[in-house]
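> Sequence:
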Amino acid sequence: DPLFSIEKSAEIKEGIVNSLTRNFSILLIREKKNLNS
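In my numbering, the protein residues as written are -3 to 33.
The hints are simulated quantities; they were obtained by calculation from the structure and are not laboratory data. Glycine included, every Cβ here is placed at the ideal spot set by N, Cα and C. Mixed in with the good hints there might be a few duds.
[Claimed, not checked] Here are the in silico distance ranges between beta carbons for each label pair:
#1 Ile2 x Lys29: 29 to 35 Å
#2 Ala6 x Ser33: 37 to 43 Å
#3 Leu31 x Ile2: 42 to 48 Å
#4 Leu(-1) x Leu24: 33 to 39 Å
#5 Asn32 x Lys4: 41 to 47 Å
#6 Leu24 x Ser1: 31 to 37 Å
Please take these sequences and the hints and turn them into a complete structure.
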């Protein structure tokens, strides 16, 4: 089913974007803490 695989890859992309975003915000928070200390 081609539609299923499209949904699946969209889900995977969303997961990748979410984890990248999470990692990026963690990095930003660390940088802010470093600047403050």
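> For which of the previously enumerated hints does the structure constitute a violation, in increasing order of number?
Number 1 only.
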